[in-house]
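Throw the hints in and build the complete structure from the sequences for me.
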Amino acid sequence: KNEVEQSPQNLTAQEGEFITINCSYSVGISALHWLQQHPGGGIVSLFMLSSGKKKHGRLIATINIQEKHSSLHITASHPRDSAVYICAVRSLISSGSARQLTFGSGTQLTVLP
Amino acid sequence: NAGVTQTPKFRILKIGQSMTLQCTQDMNHNYMYWYRQDPGMGLKLIYYSVGAGITDKGEVPNGYNVSRSTTEDFPLRLELAAPSQTSVYFCASRNRDLALEGYTFGSGTRLTVV
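In the order they appear, the protein sequences are chains D and Y.
When we follow our numbering, the leftmost residue of the first sequence carries the number 1, and every step to the right adds one.
When we follow our numbering, the leftmost residue of the second sequence carries the number 1001, and every step to the right adds one.
Just so you know, not all the hints are guaranteed correct.
[Said to hold, decoys possible] According to the in silico footprint, chain Y covers these stretches of chain D (three or more CB under 8 Å from chain Y):
| id | region |
| --- | --- |
| 1 | 29 to 43 |
| 2 | 100 to 109 |
[What the hints assert, rightly or not] Computed from the model, here is a short list of chain Y residues facing chain D with C-beta under 8 Å:
| id | residue |
| --- | --- |
| 3 | GLY1042 |
| 4 | LEU1043 |
| 5 | LEU1045 |
| 6 | GLY1058 |
| 7 | VAL1060 |
| 8 | GLY1063 |
| 9 | TYR1064 |
| 10 | VAL1088 |
| 11 | TYR1103 |
| 12 | SER1107 |
Bear in mind the hints are in silico, worked out from the structure with no lab data behind them.
What you are looking at is a predicted structure, and each value in this text was computed from that prediction instead of being measured.
Just so you know, even glycine gets a beta-carbon here, dropped at the ideal spot from N, CA and C.
The following block contains the structure:
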């Protein structure tokens, strides 16, 4: 079983819809990251969170440490939100001092006009 | 405001050839990473470095080598390329400060070994 599971793997939505992408993990973590990978391949860091909720524009990320679960929400979705969204966790027990990340396989989001 | 710069963006290698993927960052980040991304899989860590002169293996280091002679540069060397090394490679960096742990990624190198 992967340490980080994302759902759904693929998601198609109509412009304006509210979108939720889920991430579940099996290990104790010190932080969780949400990343966005553009169709051209570049990866951008969206959020890093260890508790509660963060908001940036139309994006909201929440985390429940007890349930080992995080969600990424997009309000009023737009075609430019089409991308792969990746969840990554930094486990409490990790090799080396650099605190490596474990990545989910990503959620491909397509927003249709 | 360059961030993390990777070159080349695309490359086709023949089996047995060698090449170096370049990665440079201008943010004075201590920590640098090389990942590979295969279809349907999460990014896997190849090598990482916590500072100049210090490197360590990640999950999938076989077939690769790295060096970190300066804070800015973290090249990844492929010796004797194999089809299994066909992948997209990402370099990333971050600050050592745990309160500022956002990662900055390069734009990726798409490598095909034929």
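Taking the hints in turn, this is what the structure says about them:
no.: 1; hint: 29 to 43; verdict: holds (count 7)
no.: 2; hint: 100 to 109; verdict: holds (count 7)
no.: 3; hint: GLY1042; verdict: holds, 3 Å
no.: 4; hint: LEU1043; verdict: holds, 4 Å
no.: 5; hint: LEU1045; verdict: holds, 6 Å
no.: 6; hint: GLY1058; verdict: holds, 7 Å
no.: 7; hint: VAL1060; verdict: violated, 12 Å
no.: 8; hint: GLY1063; verdict: violated, 19 Å
no.: 9; hint: TYR1064; verdict: violated, 16 Å
no.: 10; hint: VAL1088; verdict: holds, 7 Å
no.: 11; hint: TYR1103; verdict: holds, 5 Å
no.: 12; hint: SER1107; verdict: holds, 5 Å
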